[in-house]
Each structure stands twice: as C-alpha cells, then as structure tokens.
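In order, the protein sequences belong to chains A, B and C. Per the numbering used here, residue -16 is the first one in the first sequence, and the count goes up by one each step. Per the numbering used here, residue 43 is the first one in the second sequence, and the count goes up by one each step. Per the numbering used here, residue 1080 is the first one in the third sequence, and the count goes up by one each step.
Please keep in mind that the hints were generated in silico from the structure rather than gathered at the bench. A virtual CB, placed ideally from N, CA and C, is assigned to each residue, including glycine. Careful: at least some of the hints might be erroneous.
Claimed, not checked - With a cut-off of at most 25 Å between alpha-carbon atoms, the simulated DSS-like pairs for lysine-lysine come out as follows: (1) B:LYS199 with B:LYS485; (2) B:LYS375 with B:LYS451; (3) A:LYS148 with C:LYS1293; (4) B:LYS451 with B:LYS464; (5) C:LYS1246 with B:LYS342; (6) B:LYS477 with B:LYS334; (7) B:LYS281 with C:LYS1246; (8) B:LYS375 with B:LYS444.
Claimed, not checked - Beyond 12 Å from chain C on every Cβ pair, some chain B residues (computed): (9) TYR159; (10) TYR186; (11) GLU188; (12) MET250; (13) GLN288; (14) GLN418; (15) LYS451; (16) ASN452.
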Amino acid sequence: MSAVTGAVRGAVTGPGPATAAVPAPGAGRRVAAAPDGGGGVEIRGLVKAFGATRAVDGIDISVPEGSFFALLGPSGCGKTTTLRMVAGLEEPTAGAIHIGGRDVAGTRPYQRPTNTVFQNYALFPHMTIFENVAFGLRRRKVGDVRRQVMEMLELVELTHLAQRKPAQLSGGQQQRIAVVRALVNRPKVLLLDEPLGALDLKLRRQMQLELKRIQTEVGITFIHVTHDQEEAMTMADTIAVMNLGRVEQLGAPVELYENPRTAFVAGFLGQSNLLAARVVARHGDVVELSAEGNRILMPAARLSVPGPDVEVGVRPEKVHLGDLGVAEEGWNRIDGTVVDASFIGVSTQYLVRTRQDEELTVFTQNLSTHLRRVGEQVTLSWRPEHTFGLETGAWERATAAETAS
Amino acid sequence: MPVPDRDQQEILAQLRRAGLSRRTLLRGAGMGGAAALLAACGVKGTGSGASSSSTGASSSSTGVSSSAAAPAGSSASGAATSGSSAGTSSSASASVPSVADRSDTDKTLNWSNWPEYIDVGENNASDHPTLDAFTKETGIKVTYTEDVNDNNQYFAKIQPQLSAGRPINADLFVVTDWMAGKLIQLGWVQPLDHALIPNLKNLQPALMDVPFDKGRKYSLTWQSGLTGIAQNPAALGGKKVESMDQLLTDSSLRGKVTLLTEMRDTVGLTLLDLGYNPEDFTDEQFTEAMAKLQAAVDAKQIRQFTGNDYAQGLVAGDIAACLAWTGDVVTLKADNPDLQYVLPEAGYTLWSDNLVVPILTPHKKNAETLINYYYQPAVAAQVAEAVNYITPVVGTKEVLAKQDPETAKNVLIFPDAATLSKAKGFMELDPDQEKRYNAAFAKLSGA
Amino acid sequence: MSVAAAGVGISSVERTGGPDGPVRGAGPDSAGPVGSRRLTPYFLLLPALLALVVFYVLPTLTLASTSLQTGDLQQGYSITWHWATYGDVLTQYWPQFLRSFAYAAAATLFALLIAYPLAYTIARRAGRWRNVLLALVVAPFFTSFLIRTLAWRQILADQGWVVSIMKSTGLMSVTDWLGLTSGRLLATPVAVVLGLTYNFLPFMTLPLYTSLEKIDPALLQASGDLYANAWQGFWRVTWPLSLPGVVGGTLLTFIPAAGDFVNQQFLGSVSETMTGNVIDSLALTQRDYPSAAAMSLVLMVAIVVLVTVYVRRSGTDELV
Chain A
-16 MSAVTGAVRG AVTGPGPATA AVPAPGAGRR VAAAPDGGGG VEIRGLVKAF GATRAVDGID
44 ISVPEGSFFA LLGPSGCGKT TTLRMVAGLE EPTAGAIHIG GRDVAGTRPY QRPTNTVFQN
104 YALFPHMTIF ENVAFGLRRR KVGDVRRQVM EMLELVELTH LAQRKPAQLS GGQQQRIAVV
164 RALVNRPKVL LLDEPLGALD LKLRRQMQLE LKRIQTEVGI TFIHVTHDQE EAMTMADTIA
224 VMNLGRVEQL GAPVELYENP RTAFVAGFLG QSNLLAARVV ARHGDVVELS AEGNRILMPA
284 ARLSVPGPDV EVGVRPEKVH LGDLGVAEEG WNRIDGTVVD ASFIGVSTQY LVRTRQDEEL
344 TVFTQNLSTH LRRVGEQVTL SWRPEHTFGL ETGAWERATA AETAS
Chain B
43 MPVPDRDQQE ILAQLRRAGL SRRTLLRGAG MGGAAALLAA CGVKGTGSGA SSSSTGASSS
103 STGVSSSAAA PAGSSASGAA TSGSSAGTSS SASASVPSVA DRSDTDKTLN WSNWPEYIDV
163 GENNASDHPT LDAFTKETGI KVTYTEDVND NNQYFAKIQP QLSAGRPINA DLFVVTDWMA
223 GKLIQLGWVQ PLDHALIPNL KNLQPALMDV PFDKGRKYSL TWQSGLTGIA QNPAALGGKK
283 VESMDQLLTD SSLRGKVTLL TEMRDTVGLT LLDLGYNPED FTDEQFTEAM AKLQAAVDAK
343 QIRQFTGNDY AQGLVAGDIA ACLAWTGDVV TLKADNPDLQ YVLPEAGYTL WSDNLVVPIL
403 TPHKKNAETL INYYYQPAVA AQVAEAVNYI TPVVGTKEVL AKQDPETAKN VLIFPDAATL
463 SKAKGFMELD PDQEKRYNAA FAKLSGA
Chain C
1080 MSVAAAGVGI SSVERTGGPD GPVRGAGPDS AGPVGSRRLT PYFLLLPALL ALVVFYVLPT
1140 LTLASTSLQT GDLQQGYSIT WHWATYGDVL TQYWPQFLRS FAYAAAATLF ALLIAYPLAY
1200 TIARRAGRWR NVLLALVVAP FFTSFLIRTL AWRQILADQG WVVSIMKSTG LMSVTDWLGL
1260 TSGRLLATPV AVVLGLTYNF LPFMTLPLYT SLEKIDPALL QASGDLYANA WQGFWRVTWP
1320 LSLPGVVGGT LLTFIPAAGD FVNQQFLGSV SETMTGNVID SLALTQRDYP SAAAMSLVLM
1380 VAIVVLVTVY VRRSGTDELV
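Turn these sequences into a full structure, and let the hints guide you.
Structure below.
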C-alpha cells in the first residue's frame, strides 16, 4: 500500500506545470477549495416519500469537510436515496441539504459542487477512457483538458488505457476510471454509490485501500454508500448506520463497534452476545445489573436505555474463557458449558451454553495450543467497560440485522 | 332459335364490321383463320399459323407449347372433342397436349373470372344464384374465383405453368379478345366441343366469326362492353366532357383525369378522336395518338392509368372524368346517381371478354356444360341484370323486358343501332407490334 | 455479506477471489473429440445456408441469367450475353431510379423524425403503458398493407377533410408554390412519400426502441452529473448509443421503400413512377423479362452500394 501510494505521489507531485493546476495549500494535495465555502454537508430533516412508503424518514447528518463518510445499511434502508438527493438526482420530499454552507434545494446535479460515482460505473460505452474522463471538462469548456485527464489517469495508474473503450477494461479498472471521471471535475464532495459492489472480494479489498488513498490524496469529502460493514469500517472516518429510512447511530467505526447504541447496530456491525438483565442499582457512573443471577457491572454511559429491564451485550472477542470459577477480579463473569468449538486458525470460536440455556459466542486467540473440549465446564469473564446495554428485545433485532448485513 | 330483334341484328352487323375490316380479315386469315379454312376444306393443317407472315405464330406450336413434354398426336383431344367437330378440332390442335377428361366422375369445376362479373346473392356477395342453380341442375360443384384483374397480369400468372406443359388451377377462365387470340396462337387453350354446347345457337351471330377465333372453336363470349367517358358532374363544375380531345386537353380537368391501362381502350379512343380507325391504323397514326397522350401526361392532365380502380375516385369526385367501361358505370350509378356516361361522337371501342378452357384440364366437359348453361337467355338475363354489360345471348332482352324493363331499355346494356354504328374494335397485332406498342404505352404511364 | 459477522474479516481473507480481469478459459472442456466439435458449427449453419442458397443465391442467379437473355414468349428466351439490356434500362429509366432513392430517402428521414421521439417515449417515459404502446406500433400489421394504403386514398381525397383544412388554412397554397402539391394531395409526390413513411414506420420504430431501451438510464444521469444539459446528454450519450437502432431502422425502411411500387400505384400519379412500378410493368405488362431482371439487379446493386457506404460512414460496426 505504502509503496503504491509513494509511487503515485511521486508521479503527480513532480515538478512542472502539474502542480500549478492543483494548488496545494498546506499539507498534501488538496483540491482547491471554492471561494463560496468548503465541502461540508449538512442534512436536516431529510424525507423522501415514494407514494405511501418513506424511503428516507427524517434524517439529520453532518459530514465534516474532507472526511470520508459512509452511509451503511442493508438494502432498502434509504442510503442510496439519501445520496441521490445530495447529488440532485432525486428531489427531497422535505428537509434541507447544505453543501459548503449553501442550500442546494432546487438545483440540478451539475449545479452542485458534487460528482457521483455510479453503482455500475455508468461509463459511456461508446467513448474512449480518455473521453470519458474528459466529458465533464469538455461540457464546462475548461481548458487544458488533455493534461488534466492524463493527470487523473496517472493518479490511478491507467494512462496506458486512455484510448481503450470501457468494455475492454476489467471491473477494477472501470471502477478507477469512474472515480477519476468524477474527480477530474474537482467536486467539493464526491458521492460514491456502492462503487465496489460489482467487484469480487479480493479486488474489493484492494479497491477499498485505493479509494482511501485517493481520498487522502485529494483531501475532499467522500460520501460513500455501502451495505458492507467491513468496507465502511475500513474506509470511513465516520459511519452513519441506516435502517428503515432512519439513522440508527452515527459515529467513528470504533465507537460504533465498541459501543453500539441500538440492537440493529450491535447486530449489523460485527457480532454481539446479548443477555437479558435487570438494573439492580446505580453507583455513580457504574450500573449494577443482574443477569441469570450473576452480578454484572457496566459504565452508566454505555447503557442506552433507562431500564430496569435491559439486555446487556459484549463482543465475542472481549470475552475471556477460563477454567470453571477462574476469572479476573472485578470482571463480569458467567458460567457455562462448551457446546461447540471451531478452530479457525488465527482464533478458535467457542459456543458456550449458560445455565439458563443462553448461548454465547467467544473468540479466543490461539496463544496456546490448549483447546477447550465440548462439554467442558468453563467460566466466561469480561471487563465491565466492555459491556454495553440495550433495550429489551434487542436480541431478536440484532439477529435480524446480522442476517441483513 | 329466337329471332334476334332489330337492335341485336345491328350489334351483329357492327361486331362483324369491327372484327372483319379488310386488313384484319387478312390478318385473321393468317392467324387462326387459316387453320379453320384449311380444316373446312378438309386439308390437314400443321399448326395454327401455318401461312402467317409472322414467324412468331408458326413457332408457337413448337417453341412454347408443351408438345415436346407431352406428345399429343391425334389422340390428344380425341376424348374431349368427340362428335361432329372432331375433325376440325383435331386439325387445329395438333399440338395441344391433353389429359383424360374426368368430368363424368369428378363433378367439379374451377372458374376464374374478373371481379363483380356475375350475379350475386342479395345478402351475400360470395353467393351466386345462377351458379347455385347450375350445381343443383348438373351436380357440378363450381369453385368461382375472382382472380382475373388484368389480362397481362393474369397471363403472367398462368404463363410459367402453361409454357412448361403443366396444368393451371383454373379449368375455365375469362380474358379479353386480344388475349384470347394470343392464347389460341400459343396453343394454350383447348378447342370446345360444340356438340356439348347446343345453346351455342343463342350466340349473337356476329360474334360467331370474330377475327381471333373464327367459328368459335376455342372461345365463347362471356360479356361485351363499350369504353367511353364517365364523369362526375359535381367535380366538373357543370361542365360536360364530350370528347377524348377535351378529356386530354381541357385544363380545367388538370389532374382529375384517368385513362385505362388497357392499351386498346385508351389508344383506340385516341385514334378515333384523331379521325383514325383503331381497326386499321398505321404505325405513324399510332405514334401520333401516343404523342397526343404524352402531351396530356406531360401537362399533368392525367392523374393515373387505372384498371377497374377508377371507380372509387370517380364516385368520390377525385376523378372528374375518365375512360370507363359501361357496365362499371351503370353499376356505380347506384352509389352516385349523378354520374354521367358519354360515348364520344368520334367513336368508342367495343370489346368482349371470352370464356376459354386451358390445356391439360381434366374438367373440360364440365366447363362446356357450364358454358351451355349460361347461354340460356333466362340465365344470361340474370347475369346481365347484375353486371350491366352487354350480353352475347340472343333472347336475353326479351326475358328482361318482362322482369326488369328498365335494364332492358338501357342502351349501354342493350345498345341500339345508332350506338353500335360508332363502336370499333382493335386490330390484331403481330408479336412485334404487340411488343412495340406495349412498350410505348407503358412508357407513357411512367413505366 | 454475512461472512463478516463471524469476525472482522478474519475468515474471509482466505477466500480466493478471481483475478483482476476477465477469466481466460483454458478449461478442461476445451479438450475433446476435436473432429466433431469442429464440424458442429457448420452443421448448425446448414439450414441457414440452405435457405440462403434456395431463397437468395438461386433466385439471384436466375435473375442474372434472365437479364442476359433475349427472345420473346413465342420463340422462347436464350442467353445471348446481351449486356446492352443494362445500358438500355439505365438510360431509359434513370429518372425512376433517382426518384425511388429520393422518395425512399425522404420517407426514411421522416420516419426517423417521427419514430425517434416515439421510440424514445416508449422506451424511457411510458412506464406501465410501454407494452400497450408497443402493441399499438405493431397494430397496423394486423391489417393488410394494401388496405392500409387504400385507406390513405380516402383520407387524402381531393374532397376529403385533410385537403379542405389545408386549403382553408392556406397551407395548400404554400405547398403548391413549393411544387409539392397541385391543388390536391392525392396523386402527388407528397402522398407517395407520406404513404411510404407511414407504411414503414414500424420498421423504423422497433429497432430504435430496442436500442434506446438498452441504454442504462444511469448513463444519462452520469452525463447530467458531468455538466451536460438535456440536449448535450441526448447528443453525446443517447444519440450515439442509439445509432445501431438508427442504422437498423433506416435500412429496414430505406431498402423496401426504394423497391416499393404499391404506394406509388395507389397514392401517386403518372408523374412519379418509381423503379418498382417499372419492374412491375416490364415483368407483368410488357413481358420484357430480361429488362425487368436487369432493372431488378441494378436496383439491388445500387442499394447494396448505398447501404455499404452508409454503414461504413456511420461507423456502427464499432458500436456493436
């Protein structure tokens, strides 16, 4: 990755007129900020109704300028519709969108400081790669088309394909062209609609890194729509998890993962163990709960509902698997029986059944060769600060989200 | 045999005149006539055109007909043409191939005719009362097809099969005089057995010795008609078109005139208008007539050359005046009573359509039975009343005088002597003339 | 992507993806009984080849041989390599050739101008009415070609409403002045071109529809996103991508229109006969089979040449 980035950076930041066209104020190569404001996007009370159904049901999002922002959710959650409203391809039913501080209501796509990378790239099949990239420049009658296009092709190392037709390119190459075709117009915001959806897994991971690199390179705001939680977490600074037309939770990937505030997020992002619990007492910023007769402690800030009936959760990799009765002092603990063990290589995945017949998943790193056998009695333990609390019924919703992810 | 009345006697005289002008007589003798004469003298002829100056005629028996494929010999028409005329027919049809006649066992007949050329049922246009009665009487089932729209086109349709010695679908069909003559020359139609057509006695005597088929050995008239000028007074604005010259030159008619694709009708009337005789004209006179027609075409006077399809435009008024056939106009008057029909002073043409039996049909006897049936005045009257053309059957007018006096009085259906005195036929053309005149005429109509 | 639920991409790393590019198959199935495999395509082609020989090659050869014959019906025809027939028909009938191509070209242009918006609307805007509209485009085929053409005779009649509207609005005097009409519509070049346009409209519409319908709507959105206005989007994206349909439609219209004679016969006058009328007359009325055959071949060759030049110039071979 670094080698690739270095090579490209070397290529584009070389001396000569290349630098003049792309002024680089401050660190890195940034697309010149337009005088009328930056590339931050503010979405307030956005609604889109198709007949009786509300595809987008009142969302508020703030995308800071220069950030890589992901709209994540299962299909039909409204993420693409939201993106298309930002692009100007759909008219909002209600709500406002500000880009760079300017209300874009009623403006056509080409009047907005945005460009879009379409789901299936939408490259013009009858034009060469060069002409595809040049399309926007030519429409705006910008000078120096050739240099700008070649510079963009260099950015993605595809200058040698300039005279080919899109159909002669592989999926990954087409994807890169779709990105630079939009980028060459120096939008303040680049909108990406499931840009990697058509690629196979290996290529997709490669392209995730590449897109992130490009974003770092050009420094503009990226709004990226995806249903792939791994993709969102790999690339985005901030993720808005959407479900049923609403934003479930918005935050940095780590925050979403470590402290999901809704059952949907807990299930959609990674995997969660959830147990029914009851708030017993509050000691300052620590809440004491009871689950299956076990005393559970957790930070009050990580409990998203008042209770008293809640569900407490913990990520499988946070759980320590010890001999029966063995656990660190001060950790939450619960006893159970190993009912399944799968050796995956880097880790082993256990399924432990508690006395109340709840099944918990545990991932343990294979630091020793000691493997627990099915039927073995064990004690599960985890730090109180790894515990999160959700509303009751979260388990079903999380399971549904897990299936959807 | 009923005695023809005076008018009809005149028709006969007129038709004789039309068919047998001096020059035509010679030509007629050269073509079909010679064989008949020879046969009558008991001398065996070798073909239909033995003494003709035209090489085309003499070659017809060897070059085109299928004698090679189906050697005919004297037995060729023996079965079909037994009886009193056997000698005549065998000599005239030495090269006509034949097949065994199955008429006695196979009581069917395929008859091809022009559209709207027979009586129709009151409710159903595909129902023909005279044909139904015929089937009832004889047991012969007739398949009646209206697929003759144009002599040339019908010829083009049957030519490939007949020239290859294969039978066509029709056992009996109807074509105009000159085409009937051409088919006889080519040896593609069979001699008729007059013994099976006793009603032949009802044929207008003048139609017996037509130039293309003297003695009516091969053909019998179905209907005759006149070609004159039909007009729609509404579209003329009170004017009346009296002559061919006016039709071709009156600029108030510009683009509202149609002529007929039948060269003999259009050119015939033009020749008459120029004072020439269509039964006997020279190449120069033909050229002059063509020039007159060409001038009218160039002046955009002429809208189109048509077959029967002038009818729609004439009734609607798109066509103000046109060359038209009597029967059509009488019928069209039912749609538009204002339509007028003028027979030009300078003269007009008289033509007939004829029933012929093609070679190789196994139903010749059935065809002859049908011809005999339609030569009854009562049956002919039914047809005449429906199609409004001139019937060849003597006694028809008397029948109609009782049933439908109005039709019987119509001079376009039963022309009087004065009308017939100006009616002309068209001279027989040798193949070379035929080709040149046709080409010239086709060019006139833009093709 | 439920795999990810089993841990952040732990298990998925091992999964092998395809290479970055189309897979070139040298699979095991390419080996096999080589002989039969090689011949199979030819066997499959056989019916088509047979049909081509029977319905195209043989008739064309017959036509060619007929065109070099001389003779007449009485004496029969024989091949005399009489090439002069070609010269004769060309010198005599060149106006009809020119007229045929001019009328066919005009009809093709008008059909394109009518069919393009029609096909575009059906393909892009019709929504659930699409099939109904498509059925309506094809609906005229349920009536005979002749009947439909004859119906135009009624509509364009001198006493009909079209002519009276044209006369009362003064349009007729304009078209008369332009030499297109002469106080009437029927039996004018206008009527012939109109008839040709009408009769071949579906042949223009359907290929256009097919190619327009295939265009991904995202391409137009992309062009809009890339600063193209509606016109530029059409001209730079929709039009070039619909060119296969345009070429197909114009060929399907022009070729039969150039050889048509029915529209001229029913709607024209003696002053605008086309090649088809001449061939009809030569073959059926004058029975000059050699000239008719020569005429047909000349028409055929002229069309092939025109079409070849057209397809080359439109560059559609690159598009498909």
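Each hint tested on the structure:
1. B:LYS199 with B:LYS485: It holds: about 22 Å lies between the C-alpha atoms, which stays within 25 Å.
2. B:LYS375 with B:LYS451: 16 Å, holds
3. A:LYS148 with C:LYS1293: 18 Å, holds
4. B:LYS451 with B:LYS464: Holds. LYS451 of chain B to LYS464 of chain B sits at ~19 Å (cutoff 25 Å).
5. C:LYS1246 with B:LYS342: Measuring from Cα to Cα gives roughly 20 Å; hence the hint holds.
6. B:LYS477 with B:LYS334: Holds - the C-alpha atoms of LYS334 of chain B and LYS477 of chain B are around 20 Å apart, at most 25 Å.
7. B:LYS281 with C:LYS1246: 23 Å, holds
8. B:LYS375 with B:LYS444: Since the Cα atoms of LYS375 of chain B and LYS444 of chain B sit roughly 23 Å apart, the hinted pair holds (cutoff 25 Å).
9. TYR159: 21 Å, holds
10. TYR186: 22 Å, holds
11. GLU188: 15 Å, holds
12. MET250: 27 Å, holds
13. GLN288: GLN288 of chain B clear of chain C: closest Cβ-Cβ about 19 Å, beyond 12 Å.
14. GLN418: 36 Å, holds
15. LYS451: Given that every Cβ of chain C is farther than 12 Å from that of LYS451 of chain B, nearest at about 33 Å, it holds.
16. ASN452: 28 Å, holds
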